[in-house]
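What follows is each chain in one-letter form.
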Amino acid sequence: MIATVLLVGVLLALLFFFYARTRRERKPAQDLPAARAWITDELLLAGHFRYYPQIRQALSEADREYIAKRATPAARRRWKAERRKVVRGFLAGLKEDYVRLEKLGRTVASLSPQLNQALERERFWLGVRFRVWYAALWAAPLSSQWTLRLLDRTTAAVGSMAKKTTTAMDAISETGSHTG
Amino acid sequence: MQLTHTDYLLWAVSTGLQAVLFAVMAWTRFYRRLPYFSLYVAIVLAADAYLWYAYHKYGFASAASFTLAWSLQGITLGPRGLAVGELCRRALSPYRGVWALAWRLLTGAAILLLVYAGLASYSSRTRVATFILTAERGLELAAAVLLLLLLAISHYYRIEILVPERLLIYGLCAWSLVQVLNDVAWQVLASRYFQWANKIHVISYQVTVAVWIYAVLRPVTAEQPQPAMNAALYNRVAPAVNVRLQALNNRLLEIFKG
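Residue numbers (our numbering), protein chains in the order written: chain A, 1 to 180; chain B, 1001 to 1258.
Heads up, some of the hints might be wrong.
Calculated pairs, DMTMM-like style, for lysine to aspartate or glutamate (alpha carbon to alpha carbon, straight line, at most 25 Å) [to be verified]:
no., chain 1, residue 1, chain 2, residue 2
1, A, 95, A, 82
2, A, 80, A, 63
3, A, 103, A, 122
4, A, 85, A, 96
5, A, 103, B, 1160
6, A, 103, B, 1165
Hints in this document: simulated from the structure, not taken from any laboratory. Values in this document were obtained by computation on a predicted structure and should not be read as measured data.
For reference, chain A alone in the conformation it holds in the complex:
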């Protein structure tokens, strides 16, 4: 009985979530010029991951060793705090990139007369993986190689999403040229 009550609570919360999101969310444009402008905007804005090399440099082992040898304990603490701030800022941007591309991919899929189920499944799981890594990185200490590996994976997920979207757009193009 308690399980049913909890389940109903979760379902009611979900219903409220969908209600609130529908009221808030901007839907994709419905006419030709607006649709084109929207797609271009989404792609142009998805560019935070370009700063990855600088972030990787900031997290490198060499930098850490240098600071450990040369800086005072107070400076080391400041450096660590700054580094965490920078990485979190980058992560927030990366998530923004990802969500934009993901939304674009879903919208493109919704407009396609035929969905590629494998692509859809893959995009769904990519989204799950990205969010898991994102959460892990947000909470992780920034002093390990493990953090760097996670950052690599999370950034790669954004690139992977871009690739999936390209494939979906190609599929739609092909269908369009066959059906006129």
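Fit chain B to the given chain A structure using the hints.
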């Protein structure tokens, strides 16, 4: 066990609201838009009127009224299932690709949930009241989960459901979930909860019907939005989008190599 004056009053308001909904649907020709949903409303209204008559003739606590009440409840389940299916089809079928994926998912989920409801009620078949409540709980849960799946799919693919349909979905889903809670409380507290169960059932239904009346009265400014990107538009937009996406990919590759 007898109904109080308050129960009769609530019931009268409920039937009145249903009659208003039915009249509004007929007046706005809503039945053309959602025929199964309209059929469901008409059947519930007819069942309610017949139940009034039965209670008046046989008495509320009689075995005949008990059997009739639950039989009518069972009869309305079929049209309700059709109404849920119709709402799903109406919302998603203009998006051919998504609908091809979604109907399989929704049908699969419906089968699983119905099997669960069947098994749960079979395991509590020793007492009639428990059996009925368990069956009802399972079916209400199935309806709510299916409608939530519909909302989840439309949210995932950013598909806009028109306001009247959306309000019908919210109303139907919230009402089903309240009924599940009501059934659970009734099963736990038994006859002590009867009066409350009845009131909650009727009041939640009144709120739902009021939402539906509001939904049906909403002016329909546009038909279901069709996918904006037809094949010609895809062919114009896709190359530009592909070039940009490819550029993003190349930049990522450079980052990893460099």
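Right, here's what the structure says about each hint:
| no. | hint | result |
| --- | --- | --- |
| 1 | 95/A - 82/A | holds, 20 Å |
| 2 | 80/A - 63/A | holds, 11 Å |
| 3 | 103/A - 122/A | holds, 15 Å |
| 4 | 85/A - 96/A | holds, 17 Å |
| 5 | 103/A - 1160/B | holds, 14 Å |
| 6 | 103/A - 1165/B | holds, 24 Å |
Checked against the numbered hints given earlier, the structure satisfies every one of them.
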